[in-house]
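Chemist: If you read the protein sequences in the order shown, they are chains A and B. In case it helps, this note's numbering puts the first sequence at residues 1 to 399. In case it helps, this note's numbering puts the second sequence at residues 1001 to 1399.
Hints were generated in silico from the structure; no laboratory data involved. One or more hints might be untrue.
Label pairs and their calculated CB-CB ranges [claimed, not checked]:
#, chain 1, residue 1, chain 2, residue 2, range
1, B, G1147, A, G375, 45 to 51 Å
2, B, F1112, A, N286, 52 to 58 Å
3, A, R146, B, S1019, 35 to 41 Å
4, A, K332, B, K1242, 45 to 51 Å
5, B, K1358, A, G59, 40 to 46 Å
The list that follows gives simulated cross-link-like pairs (lysine-lysine, DSS-like), each with its CA atoms no further than 25 Å apart [said to hold, decoys possible]:
#, chain 1, residue 1, chain 2, residue 2
6, A, K202, A, K57
7, B, K1396, A, K108
8, B, K1206, B, K1119
9, A, K345, B, K1108
10, B, K1206, A, K396
11, B, K1332, A, K362
12, A, K349, B, K1362
13, B, K1135, B, K1159
14, B, K1108, A, K359
15, A, K17, B, K1358
16, A, K396, B, K1363
17, A, K108, B, K1332
18, A, K358, B, K1017
19, B, K1359, A, K396
20, B, K1349, A, K108
21, A, K396, B, K1362
22, A, K17, B, K1349
23, A, K161, A, K253
24, B, K1108, A, K349
25, A, K358, B, K1396
26, A, K359, B, K1396
27, B, K1363, A, K362
28, B, K1358, A, K108
No experiment lies behind these values; they were computed from the predicted model shown. In this text, a Cβ means the ideal position worked out from N, Cα and C, and glycines have one as well.
There are 2 protein chains.
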Amino acid sequence: MRLPKGYCYSGIVSGIKASGKKDLALIVSEVPARAAAVLTTNRVKAAPLVVCQERQKRGLGQAVIINSGNANAGTGPQGLRDAREMVRQVSQALHIPPSLVWVASTGKIGEFLPMNLVKKGITQAAQRLSPSRYKEAATAILTTDRGPKISLRQGGVGKIKYSLLGMAKGAGMIMPQMTLTGHATLLCFLQTDLTMASSTLKRLLKSCVDRTFNVISVDGDTSTNDMVLILANGRAGNISFKKNSPLYRQFEKKLLEVCHELALMMVRDGEGATKVVRLEVKGARNHTEAQKIVRTVGNSLLVKTAFFGGDPNWGRLVAAAGRAGVPFHPHKLDLFYDQVLLVQKGVLKNSMAERRAKKIAKKNSFGVILDLHAGPGRAILYSSDLGHNYVQLNSKYRT
Amino acid sequence: MRLPKGYCYSGIVSGIKASGKKDLALIVSEVPARAAAVLTTNRVKAAPLVVCQERQKRGLGQAVIINSGNANAGTGPQGLRDAREMVRQVSQALHIPPSLVWVASTGKIGEFLPMNLVKKGITQAAQRLSPSRYKEAATAILTTDRGPKISLRQGGVGKIKYSLLGMAKGAGMIMPQMTLTGHATLLCFLQTDLTMASSTLKRLLKSCVDRTFNVISVDGDTSTNDMVLILANGRAGNISFKKNSPLYRQFEKKLLEVCHELALMMVRDGEGATKVVRLEVKGARNHTEAQKIVRTVGNSLLVKTAFFGGDPNWGRLVAAAGRAGVPFHPHKLDLFYDQVLLVQKGVLKNSMAERRAKKIAKKNSFGVILDLHAGPGRAILYSSDLGHNYVQLNSKYRT
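Working from the sequences, and respecting the hints, build out all of it.
Modeler: Have a look at this one:
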């Protein structure tokens, strides 16, 4: 498939990771691009995010430097100096203004970056830049992930042909709650060769992230470093496009597809996860209440361990919904496993439904719907299960 | 030690539990007693709690029937009929009015009680009643607990000598949030031979529960069946006592001791737990914000698995605090492991502090303090760690 025009990539071993794996990635556009990002809403923000918040105002970007193995979070003023130094190094190596360089980090919290290694790494990464090395870059941003997460789409309207490439990482500390103003960590870098006004790019990104990355949870922990950054460099030859134009609508659809694909890869790759469960709460009084319930249920330890055990333990689901702090009538609640109505008006429908739900709960991927029959409110969460490997990984691994 | 006067107990095997373990307990006072209870705030309330809410109004009680192995929750109108039938059976067997019989259940959610077995069991339990069989009763209320949880205190002012006995169960689905109006489940039954006005008894119970059971969490899941019930039968010979009298103050202290002891037994016996961690947030703007942070940190999977691993992974603690939805300044945050200041103004103090914190984090029991330096707000949570056995138990066990 055609890659977005005008982008170069590299991913190298700088030595930040003790494992000796790739840990420094560089993404560069040959011309300044429109840039928009959504960032974590965590009160504790990693140093690179402070730099990104500054970049957000102008809405421009030409290079992104990303390190894994160290989150540069909980590092105070020194951390911020280090993030700015990374920007300065990239700016020098590429001969572009520092204001066009974005920076991101993921890994251990509370340790200072080994800046001498990072500096050498940046020089090396800048020398290796090539349009074909996007897989290298996608590998260098990983931490506990099983492998790189890449999604590519192409489209076109009339004479304009364009591509959209997304690379992401994240398997733990995943319950993103990102906003335009706003830790493992979710990182996602999107590149397209279309261009558009900054305001359009922001609106599109926010809307797609809210329906994809912001509705997944591996462990209910929101990171200090989450960010999704999109660059749009215009090398596809379009000038700009307006809201609701055919190009806008098509691009929005492609962006949604890429974000959805990458978000689901994260849930599937959730630390220790064996299953992906699509949880839906509907019939709530409003979206906020539906969201509160879906997050409480999807992050319940008892629900997640029942998923791991392949047990349609609806009592745990209902009990978790009941503690979400949202008023509803338990005797009106219906609960489905895929298409099977298991609980009707708050009680088990019958033993046939239970047998069918048992088969569904053993699958790698299924859906659960809770219908409160109280209003139009609806929310979705893609959640993973909680198994032995989660505990193994996280009692040893130092985020 | 002297037991509270005028109480009889029994605990038997009725056959509700497939394991063949004791599953039906009866507690009876020889005279009607003042009674007060705090109940779960979960919107999904088990049938017995509906009956208890009715009893709450009169504030009287003479008998308590408790079954384990089946929560009688998610059982709709049939469940409520079954709870009332249990009351009626006890009333008949003991020749006391049904209005003086309280009922509690714990175990699987969503299954109907085997009422024929329960009925036979009640007859048998009534025949076995004896003042010395309190350990039997304390055993019959257990589910995933490793063993019975009993606490006994005695006191006296002037000629009045009294005792307070508490028995409790609970190892999972433990983050009680109980109120006077208000799921495994926490169950606690307290008996004293003092007596006092219903309003005094309610106030004392609420105040003690808020400082003990309501500040523990094993897994962050609040049950449909939680309840703490106190009976005060006056057999110690006192007439009544007023707020702030010496007897009031002494009894409040003893009640607090018993509730604290039982609450800590639950955390120590938390499913798969190997550690008890006392988390304290101080310096928040107010208590509500402190409580929000302490619960978010104490229930974070990443924090709990780090506790299991014996790793002073403060980055996870700080990241969890940051996502609690409470504004604070990360650069003002101090964090202690026991007496060791590990993080000062948001960054690691030094490697010496880190070495000392590592030793503390390996202990079975320690404290963590987060000081936000923003106000007088303070909250505590006693939390357990999350280990392999938690997953093992809960992927197999059906609550």
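Chemist: Run every hint past the structure and note whether it holds.
Modeler: Going down the list of hints, with the structure as the test:
A hinted range of 45 to 51 Å for the beta carbons of B:G1147 and A:G375 is consistent with their spacing of about 46 Å. The beta-carbon spacing between B:F1112 and A:N286, approximately 34 Å, falls outside the hinted interval of 52 to 58 Å. Take A:R146 and B:S1019: their Cβ atoms lie about 39 Å apart, and the range 35 to 41 Å holds. Range check, A:K332 to B:K1242: Cβ separation about 46 Å, and the 45 to 51 Å hint holds.
For B:K1358 paired with A:G59, a C-beta distance near 45 Å keeps the hint of 40 to 46 Å intact. Restraint check: the Cα-Cα separation between A:K202 and A:K57 comes to about 11 Å, which is no more than 25 Å; the hinted pair holds. With a C-alpha separation of about 33 Å, the suggested pairing of B:K1396 with A:K108 is violated against the 25 Å cut-off. For the suggested pair B:K1206 and B:K1119, the alpha carbons sit about 33 Å apart, so the restraint of at most 25 Å is broken.
Under the criterion of a C-alpha separation no larger than 25 Å, the hint pairing A:K345 with B:K1108 is consistent with the structure, at around 18 Å. For the suggested pair B:K1206 and A:K396, the alpha carbons sit about 40 Å apart, so the restraint of at most 25 Å is broken. Of the supplied pair hints, the one linking B:K1332 and A:K362 is violated, its CA atoms being roughly 48 Å apart against a limit of 25 Å. Proximity of A:K349 to B:K1362 is assessed by CA-CA distance (about 48 Å); at most 25 Å being required, the pair is judged violated.
Distance check on the hinted pair: B:K1135 and B:K1159 sit about 29 Å apart at the alpha-carbon level, beyond 25 Å; violated. Distance check on the hinted pair: B:K1108 and A:K359 sit about 20 Å apart at the alpha-carbon level, within 25 Å; holds. Of the supplied pair hints, the one linking A:K17 and B:K1358 holds, its CA atoms being roughly 22 Å apart against a limit of 25 Å. With a CA separation close to 16 Å, the supplied pair A:K396 and B:K1363 stays within the 25 Å bound.
Between A:K108 and B:K1332 the CA atoms are separated by roughly 21 Å; this keeps the pair inside 25 Å, and the hint holds. Only pairs whose Cα atoms come within 25 Å are accepted, and A:K358 paired with B:K1017 is accepted, the gap being roughly 22 Å. A threshold of 25 Å between alpha carbons decides the hint, and for B:K1359 with A:K396 the separation of about 16 Å falls inside it, so the pair holds. Annotation: proposed proximity of B:K1349 to A:K108 holds, straight-line Cα distance about 16 Å (limit 25 Å).
For a cut-off of 25 Å, the pair hint linking A:K396 to B:K1362 stands: about 13 Å separates their Cα positions. For the suggested pair A:K17 and B:K1349, the alpha carbons sit about 23 Å apart, so the restraint of at most 25 Å is met. Of the pairs offered as hints, the one joining A:K161 and A:K253 holds, with about 15 Å between alpha carbons and a cut-off of 25 Å not exceeded. Only pairs whose Cα atoms come within 25 Å are accepted, and B:K1108 paired with A:K349 is accepted, the gap being roughly 16 Å.
Straight-line distance between C-alpha atoms of A:K358 and B:K1396 comes to about 13 Å, which keeps the hinted pair within the 25 Å bound. Taken as a hint, the A:K359 and B:K1396 pair is honoured in the structure, with Cα atoms around 16 Å apart against an allowance of 25 Å. For the given pair, B:K1363 sits about 38 Å from A:K362 by alpha-carbon distance, which is inconsistent with the 25 Å threshold. Simply put, B:K1358 and A:K108 have alpha-carbon atoms about 16 Å apart, close enough for the 25 Å limit, and the pair holds.
Violated hints, listed in ascending order, are 2, 7, 8, 10, 11, 12, 13, 27; each of the other numbered hints is respected by the structure.
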